[in-house]
Every structure is written in C-alpha cells, then in structure tokens.
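Assemble the complex: chain A is given as a structure, and chain B must be docked to it using the hints.
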Amino acid sequence: MDFNRLEILDLLEGYQRKEFSPSEVAQSLLTSIEKKDGEIRSFLQVRPDVTLDAARAIEKRSSEIQKLPLYGVPIAIKDNILVTGWQATAASKILKNYVAPFTAMCVERLESAGALILGKTNLDEFAMGSSTENSGVAPTRNPWKTDRVPGGSSGGSAAAVAAGFAPASLGTDTGGSIRQPASLCGLVGVKPTYGRVSRFGLIAFASSLDQAGPLTRSVWDAARVLECMAGYGGKDATVSRSVVPKYTENLNESAFGTVRNLRVGICTSWLEGVDPEVRTAFEAAVEKLKELGMRPVEVELPNVKYALSTYYLVATSEASSNLARFDGVHYGYRTPNPKDLDDLYCRSRGEGFGPEVKLRIMLGTYALSAGYYDAYYGKANQVRRLIQQDFEAAFEKCDVIASPTSPTTAFKIGEKVSDPLTMYLSDIFTLPANLAGIPGISVPVGVDSAKLPIGMQLMGRHFDESTLFQVAYCYERRRGALANAPWRGSKSGAGA
Amino acid sequence: MLSRDEVLKIARLAKLSLTEKEIEFYQQRLGRILTYVEELNALATADTSVVRTIPKDAVAFREDRPIPFGDVRELLKNAPASEADSFLLPQVME
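Listed in order, the protein sequences are those of chains A and B. Note that this note's numbering gives residue 205 to position 205 of the first sequence, counting from 1, and the numbers run on in steps of one. Note that this note's numbering gives residue 1012 to position 12 of the second sequence, counting from 1, and the numbers run on in steps of one.
The shape of chain A in the complex, shown without the other chains:
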C-alpha cells in the first residue's frame, strides 16, 4: 500500500478498519525517507527504532483509538522545537549535537493525542530565512521541482510533507515561516493567533511574533493537528486560557452554510508587484469564494507597506536578546582554547553562528543600543500598533481577508541569496499577521506555467481560526485535487 499519499483522515480511517497498523505506516515512511530524502534533504534526524517503538506502544492502546485524535499519526517536527532525546539544532553549528532534555508543550500534546515523532526537519538557521538556504547543514529542495527552494524557514517540514514522507509536520512562523513554505510546496499551513499555542520548548527567535503550527495536505488535517497542539499548558504566560475549539467538528457540509454570505476583504493596492500568474490564480480563487456565496469587499490596509521595516526591527531586536543565551558556557559550541571568558563568548558566537544570524543579531543589537532604542524598537512597536489598527478597521467590514501567500512561486536555489532585501520581500503578505497577532492560513489554489504551486492566504480575527478553517475547507472542496502533487506521483519524493 502507498502510504506516502495518505492524509491524516485516511490513516485514522484505515486504522479503525484495521486495514493497516501504525508500525506498517511508520516503517513504510521511514523506508521512503531513507531511499529518497538524500535528494530532498528535508530531515536532519530520524531515529527509526524510537519511532517504531512508539508505533508498537500505541498499537497496544488500540482500544482507545476513539479517544486518541492522532492515533498512530507520524508527524515530522522542525528542528527548533524540542523533543526529549532528539536533537534540537535549529540547523546551527552552535547547537550541533545538542540533545533536548525536555519536550515542547505543543509536541507533548500531540504525543498525548497518539502522534508518533517521525523525525526532525531542516530549517533556515534559527528560523531566519525564507528559503532554507540559510540552514547551517544543507539547503532543502522543493519536491515539486528539485532545482527550486521549498521556501522557509520551515522548508524541511514543508518538503517532508510535499514529498510524501510525512502526512503532517510542525513548523514555526515568525514572519511567514509556515505559510510561505506551505504555499511554495502546495500545502496547507497555519499560523495560529499569537497566544493560541504554547511556545514552551520552542527555540525562541522573536518572542512577540513566534507561533508554532501545522503543515498538512488538507485543511481538515491542519485543523485536527491544531486542535490537538493548541492551548494553555502552564508553562507559557502568553497563552490564552480559553478553551480550544474542536475545529474539525464544523468541517463538513454544514460549513457551506456558514461560509455563505461571509464577507471576504481584499486590499487591491497590496497586489501591485505580484507575479502576474500568482495574481491571476489568486483572482480565480476569489471567484471560487464568490461561487460559495461569499461577498468580496475592498479593504484598506494603509500601513502594511511598512510591515517589512517594522518586522526587521522588532524581530531582530528580540532575536539579539533571545540569542544572547548561546554563549558557549552551558551548552552548544565552545571555541577551542579561549584566552579568557570574554574571548570564549565572542569567538564561540562568532564561529558558531552563520552569516544571516550574525547579521540579524547585530541589527537588533544596534536597534536596542543606547540612544537608538526609541528611534528603532520603540518606533517599530508603534507602527505595529498602526498595522494592528488597520486590521481591526478592516475586520469591521469583512470576516476574513484574502491575499496571495507569496508574491512568487518557488524560486531557484541560489537565485536570491546574494540580496537579502529581495529575499525578505517574499514575506510581504505574511509578515503583517505576525505583527498584528492574528491567525493566517495558506491554501493551495493551483499551479503556474512551470507547474509550481501557488497559495492563497486567508487571515482572520484574533482567535477566529474556526472561520478560517471553514472557508479554507469549502474552498478546498470546490477546488478539487491538486494536479501533479509530488506525494501522489509514482515516484513520490523525487519530484519532477
């Protein structure tokens, strides 16, 4: 049986009908990773014995299958999320060989729901990047076309699901790092509302922006993973105490009734400069939303044009503070033969961090330094408020806001590495949701003439993931199956 193409829902149904077992699925996926991930390089670590032990352990609890919403579902985890006993390197030399002594809250919840850890996936070092080319290990390739990037920073997580190695993965999203790779790899990716998912056990990049979320091949699957991983766990004071809705409960025929007459906000001025094929596909997707009975309304987001500047000041300032902990003292890389303590700090960090990480630490250090704090970090947090107000005003007029997820489809490996600002621009549609703290989902809407996937982003009000899932679900049903998806092909994992 070809397990590479199965969605979470297919796995759960197959387990219930005893058509196959978690061990068979895990073994099959591990075999395809071993055979085919040499080319894609989505995983940084697999531990077949540990995964298969977990699969056998969950099989002993098969009588509880109804109570375990992710019974036997293998999930790949981005390597900046901690899982006890597994490496957590953030794809950085400075954390090479680091083994996590505890498990992130969101992963603990997935494991309690019956999920199996399939492996740790590649990323841009410390999640800083949009192509996974900043990985301190090796770039990941896009399974749709292997000369292309998978997006980033959760590029390994996206490629693993697109290649058919895993039905779902976890990513983290600070400025688009789940949604943009989901778009570039033809997947569904969700950045939850800030405070929906615990950040306990995530290697912090920018604490006021970071959120973990799922990448999957269907909207239902993403809803299922999020409803299991979200919620307060006692170890993160920024998580909402409110009950996590059962998002999947509404993903059926009833959703079509809910979606009818909802208003979809579109900010036309935001679409300037978007690749023409992306724009055409986006407009066709909006037509489909209209066919579902949704009403398009024009919204203004006058300050989103400042999102990139704002983001680069806020994110780097917080990163410079968060990454101060990597000092060669307690864990991670230490320079050989330091002459004194200061030399130990400076050389361990100078040698351990890659170029993009050092750039961002320095930018953040500069923005926070005496005399500049108000002008940069303070100012940026005020502009952030203006962007948030733009969304508040827009959501008075509409229920969701739609945009392309990324201005282009997957670009060629090496194409943008020399110019950081061009690379940063690939996040223009995703950054504002992080700055405003609102949820966003990317859903595939089709492919361009090069047969590369295009994604649409839907953004919602704070804690209104339910509406996003329902709209995305109805859209997905209307759209039908994606053509040429690599996980469905006979040589899944090898791409075109």
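Treat the hints as calculated values from the structure; they're not laboratory data. Do not rely on the hints blindly, as some may be mistaken.
Stated by the list, open to error - Here are some, though not all, of the chain A residues that point toward chain B, as calculated from beta-carbon distances under 8 Å:
1. Y98
2. Y312
3. P338
4. Y345
5. R347
6. I361
7. R385
Stated by the list, open to error - No farther apart than 27 Å at their CA atoms in a straight line, the calculated lysine-lysine pairs in the DSS-like style are these:
8. B:K1021 x A:K339
9. B:K1015 x A:K339
10. B:K1077 x A:K93
11. B:K1077 x A:K339
12. A:K145 x A:K451
13. A:K246 x A:K67
14. A:K35 x A:K96
For every residue, glycine included, the Cβ atom is placed at its ideal position computed from N, Cα and C.
Chain B in isolation, oriented as in the chain A frame:
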C-alpha cells in the same frame, strides 16, 4: 554604509568576533537595511501606543516557587565542558 568602527562597536556589544572579511560584509549589509528602515520616520506615531498582542486572558500571577529540574546530569551532557556536576569555564579571576 556603516563605518568599520560602528560595525566593530556593534559586534563588541553583541559579543561576536568577526573576521576582516565579515567586517566589510556587515558594513554594507547593515548599512543597506538601516537605510531601508528609515522609511518609518515618515510616519507620525507620537500619539500611538505600542502594540499589544498577548491575549487578555493569558497573563496571570502565580506563586513564585522553584521547580527543580529532575536530572542535572542530563543537562550537563550538553555542556561543552563540565566537572563534578558543574559547568567548567576558563579562570575568571587571577
């Protein structure tokens, strides 16, 4: 473009040693980004509060009590150098 001294000052604050090549590289890169973000100065924000994204029902006080981590040895396995349940560092005082 930032001056060499500016880059060295930032690197010193950030506790980063840089090679000669890196100093030049960051003079360019940091300079370009700092020029780009100047656009924010065009915005009037005197009356704007800073953003708040933390959910209202999130932050709550709790009793401040230590929760010991079970296995110190497990943590020390990740240490670059350790001795007798402690992290080992170069001599700090003469």
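*Sort out whether A:K96 lies within 27 Å of A:K35, counting only the CA atoms.*
holds (25 Å)
*asked:* The hint names A:R385 as touching chain B; please verify it with the least Cβ-Cβ distance against 8 Å.
replied: OK, holds: A:R385 within 8 Å of chain B, min 4 Å.
*asked:* Does A:K451 sit within 27 Å of A:K145, going by the straight-line distance between their CA atoms?
replied: Status holds; Cα separation ~9 Å.
*Is the interface hint for A:Y345 satisfied, with its Cβ closer than 8 Å to some Cβ of chain B?*
holds (4 Å)
_Restraint check, 8 Å cut-off on beta carbons, for A:P338 near chain B_ = holds (6 Å)
*Does A:Y98 meet its interface restraint, that is, does its C-beta lie within less than 8 Å of any C-beta in chain B?*
holds (6 Å)
*Does the alpha-carbon distance linking B:K1077 and A:K339 stay inside the 27 Å limit?*
The given pair, whose Cα atoms are some 24 Å apart, holds under the 27 Å limit.
*Regarding the pair B:K1015 and A:K339, is the alpha-carbon distance no greater than 27 Å?*
Holds. B:K1015 to A:K339 sits at ~15 Å (cutoff 27 Å).
*Given the hint that A:K246 pairs with A:K67, test it: the Cα-Cα distance must not exceed 27 Å.*
Within the cut-off at roughly 14 Å; holds.
*asked:* Can you verify the interface hint for A:Y312: is its Cβ closer than 8 Å to any Cβ in chain B?
replied: holds (6 Å)
*Interface hint status, A:R347 versus chain B (Cβ within 8 Å)*: Since chain B brings a Cβ to about 5 Å from A:R347, closer than 8 Å, the hint holds.
*asked:* Next item in the hint list is A:I361. Is there a CB on chain B closer than 8 Å to its CB?
replied: Hint holds; A:I361 Cβ to chain B Cβ min 5 Å, cut 8 Å.
Of the numbered hints given earlier, the model fails none.
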